[in-house]
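Position chain B with the ligand relative to chain A; hints supplied.
Taken in order, these protein sequences are the chains called A and B.
So for the first sequence, numbering that gives the first Met the number 0 puts the first residue at 0; every next one is plus one.
So for the second sequence, numbering that gives the first Met the number 0 puts the first residue at 0; every next one is plus one.
Simulated from the structure, these hints should not be mistaken for lab results.
We put the beta carbon where it would ideally sit given N, CA and C, even for glycine.
There may be inaccurate statements among the hints.
[Said to hold, decoys possible] If we take Cβ atoms under 8 Å as the criterion, some of the chain A residues that face chain B in the derived model are:
1) D86
2) H167
3) E319
4) P399
[What the hints assert, rightly or not] Pulled a few chain B residues facing chain A out of the computed Cβ check, cut under 8 Å:
5) S43
6) Y148
7) G158
8) G162
9) W297
10) L346
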Amino acid sequence: MSFGHRYDVIVIGAGHNGLICAAYLAKAGRRVLVLERRHVLGGAAVSEELYPGFTFSVASYVVSLFRPHIIRDLDLARHGYHVIPMDCAFQPLPQGRGLARWSDPDRTRREVAHFSRHDAEVYPEFSLAMTRMGLLAKAVIDRAPPVLGSLRPSNVRAWARLGRAYRHLGPHLQHVAQKLFTMSAADFLDLWFESPILKGPLAASGIIGTFKGVRTPGTAYVLLHHYMGEIDGAFRSWGFSRGGTGGVSMACARAACAYGAEIRTEASVSKVLVQGGRARGVVLDNGDDFEAEVIVSNLDPRRTLEGLVGAPHLPSRLTEQLRRYKYDGSSGKVNLALDGVPTFACRPSVGDHMRGDIVIAPDVDYLERAYDEAKYGTWSSRPFINAVIPSLTDPSVAPPGKHILSCFVQYAPYHLNQGTWQEERDRFGDAVVDTLASYMPDLKDRILFRQVLTPWDMEQQFGLTEGNIFHGELSLEQLFFQRPVPGMAHYRTPIASLFLCGSGTHPGGGIMGASGELAAKTILGHPT
Amino acid sequence: MVGTPFYSRQLRLCQSMRWKLWSGFYAVDSYLLEHDLEYFALRSAAGLIDVSPLCKYLVRGHDSAALLSHIMVRNIAKLGVGRVAYTCWCDDAGKVIGDGTVMRRDEHEFLVTTTDPCFSWLCRFLYGYSARVHDVTDDLAALALQGPYARDILVSVSGTAIGDMRYFAARDVLVAGRPIWVSRTGYTGDLGYELWIPRADALDVWDALLTAGQSYALRPAGLMALDMCRIEAGYILKHVEYHSALHALIEARKSSPYEIGLGWTVQLDRSPFVGQRALQLEARTRSPWRLAGLDIDWSETEALYRRHGLPPALSTEPWRTSIPVYRDRARQHQVGYATSGTWSPLLKKNIALATLRTNCAVPGTRLQIAMQVEHERHAVTATVHSPRFFDPARKTSVAI
Ligand SMILES: Cc1cc2nc3c(=O)[nH]c(=O)nc-3n(C[C@H](O)[C@H](O)[C@H](O)COP(=O)(O)OP(=O)(O)OC[C@H]3O[C@@H](n4cnc5c(N)ncnc54)[C@H](O)[C@@H]3O)c2cc1C
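The shape of chain A in the complex, shown without the other chains:
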């Protein structure tokens, strides 16, 4: 074989994880090449000007879990990482003033008390318990997972560390933890709260990105994602990336380049060349080839191993497991450009309640009904929507006085019972706009532009298999030492010198950066 170019490492895909992996490797002195299929960087954390003057966070729209130590390690603030926290989660309701939850606990208590005095007081207790759980989760996400069965000292130490973190919770919280990891979001919340209205948006955070309902066991633990934020305070965990979530990716890209990595766009990899059980290089769609000691893939496990490597190179037991690994995308996205601020019927002023998270999840049953439809292969006619208007906080994303309304929608099952997503796309978009317009009567008059992304579109555009936003369901059986599949949880693959660094590895999806960092450290042989 003769290759066009030689590198120490080739990273396939410039999602934020690929870029972070590249940055750590380049910082350690490796000669790194990143190959991205699209013309823009960032994968699902991408900003694009879809309509003149409007920069959309096309897919992911808020940042929460990004690991702060990565910001420091890679000097990302200098390279433009800039996340602005949100102060409020607002739940408009058909009647009354809706429910706004604020960073300030007393302000939240007063709001919740309109619905239940009991819940208003339990709310901080709940937050405290979840913060304690979040600490446990943090011990998990910042390290490569230990494996089952190995007696290597580092592995035993890793288990011991987790055991200590768990023991530290104390008996009461250990029970809470057991429930959290087994129950459904709705059932778990029933242990604390009485108001179905308050439980609506809380439960909704348990189903984001999953093809499960709020009453499906195993959804409760996802609530934790909201309590793992770092220093910037409890609610402070969610924020807007300045210039859209692509801003995070661009900061990572600039860091990678500053450390000497080379990035090529419109360079779609069609094949990983395997020789004698080792990955030797890659071939692009256009036939160009590149050689490297190490190949890292930012793509999901199926695309990497079945798509780029090919089943013949893999043990049959693994192909079987990979086939079973669940994607089942369930989310859609509707991006709107508006010529002014829309008005909520229930709180008409333009206020801080509009500057945060806007959740269309009026109560628990609403969410379960949305799932009922999806379960049998149709999109939800009255979907759960998580909307944000980033332009109220970040003027860089829209012209003065104009706004962006970004709507994350569930459910939009990848596998439709009838018809195709090309046929259904517009009707689905209409249902989303209609649902929102029932809370914002002037919305339709303000729409200048609309983009509807179905799971099928996400697969086509972003290479997300079956439109799963997290490179595979974040259900417990596909997490931790089982992500993506048992025996392959250390960023390694059965092909020597081929590694994974995308969201399909521990700790999973979201703009977190941990997969990219931990993969790089594994490759470098640094402790993780």
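Coordinates of chain B with the ligand only, in the frame set by chain A:
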């Protein structure tokens, strides 16, 4: 105590009821319950800060340039019309009395602004000069419009192309039909302007700015947010980073410009000015103290909290108490003290400004700073850094 000319507006906007006293005026510490949202407005969009309590003096007359050159460590005679200089002034021993800005309005008129009254100090040197000093503190309201969108807002509200206005330039601008003075200055270390407004027009200008600012996510911002920004930018504050030589009880509390990061403002080789001889001497030797930044190690901090089973829970509010800094972890050899600090939400760093022994103030030096975690005293590594933690290109860039 009195409100500034903007008091009536602030009273309605100040949700948190957190006020502070500044030179005898009520000043908003934070409008919102969460002050860091104001910080983020300043860093991501724009913030409007009422800086009316600043002391303001008009110095007029044929010799005003010569007078100010005599008082200031900087050669004000060389300052062009329509330019602003940041400077400090010292006593005969070369110890700093105050710091502030001098704006040259025209050949014979200057506006001096500073945090503390200095009327009598300015007047002290009038003898022999044809110049007069007018205290216009109460006649001029002042607003700082700061942040990446400050320019857009000012353009939209004044209809004037100020894109080419350079860093530390000043000019007259019409806002809401009112003539005001604008200088491209500020205390946030970012793109920004300060607006000097006749008292009678203050509210009209405020309203015009807030209305125009709606399209740019402008927020009124309080002193807490301002403090976070100025610490990130490495800007010193009187009474915090240094004490006026006029008011220091003991000699040890006095500082020379070289010791508080203002050495660059001192222009030694020229006609005599107050403190010149002492400063010439000091410039040739080595000042015992230096202003420095400290980057307080985060993983060590986290580890200390972890010992108690706690997540790192730093206050999100900026602080300004003196904290000892040591050379060693055992806290035996003190080499200075931190004077103010903040969690930097943008840099994700715990930073401080400090006064350090000159030999310890070299960037990269690893020192130890005292830190209290859950009632226990510890030391955490603090790495010496330039005080300028945050310094974006847009601070000084022009847009044509
Ligand atoms: C609609 C939507 C909303 C979301 N909302 C949020 C949110 O608000 N907050 C949050 O934290 N997370 C959110 N997520 C999840 C989050 O965006 C993803 O988990 C994360 O961005 C994935 O990053 P990654 O680097 O692992 O992979 P990706 O971003 O998927 O990157 C993979 C990269 O590989 C490239 N690629 C694919 N095939 C090839 C090839 N053959 N050759 C070369 N390159 C190739 C792709 O173009 C892409 O750039 C959302 C996701 C979606 C889709």
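Should the interface hint for G158 (chain B) be scored as holding, given a Cβ-Cβ cut-off of 8 Å against chain A?
For G158 (chain B), the interface hint is violated, since the closest Cβ of chain A sits about 14 Å away, which is over 8 Å.
Mind checking the CB of S43 (chain B) against every CB in chain A and telling me if the closest is under 8 Å?
Where the cut-off is 8 Å and the nearest Cβ of chain A is about 5 Å from S43 (chain B), the hint holds.
Taking 8 Å as the limit, does the beta-carbon of E319 (chain A) come near enough to a beta-carbon in chain B?
E319 (chain A) check fails; min Cβ-Cβ to chain B is 41 Å, beyond 8 Å.
Return the status of the interface hint for D86 (chain A): holds when the least beta-carbon distance to chain B is below 8 Å, violated otherwise.
6 Å, holds
Does H167 (chain A) pass the interface check with chain B, least Cβ-Cβ distance below 8 Å?
Since the shortest Cβ distance to chain B is 6 Å, the answer is holds.
Does the closest beta carbon of chain B sit nearer than 8 Å to the beta carbon of P399 (chain A)?
With a closest approach of 4 Å, the P399 (chain A) hint holds.
Interface hint outcome for G162 (chain B) [beta carbon to chain A under 8 Å]:
At about 15 Å, which exceeds the 8 Å cut-off, the nearest Cβ of chain A leaves the hint on G162 (chain B) violated.
When the least beta-carbon distance from W297 (chain B) to chain A is tested against 8 Å, hint result
7 Å, holds
When the nearest CB of chain A is found for L346 (chain B), is that gap smaller than 8 Å?
5 Å, holds
Does the CB of Y148 (chain B) sit less than 8 Å away from some CB of chain A?
5 Å, holds
Hint compliance for this structure: hints 3, 7, 8 are not met, and every other hint is.
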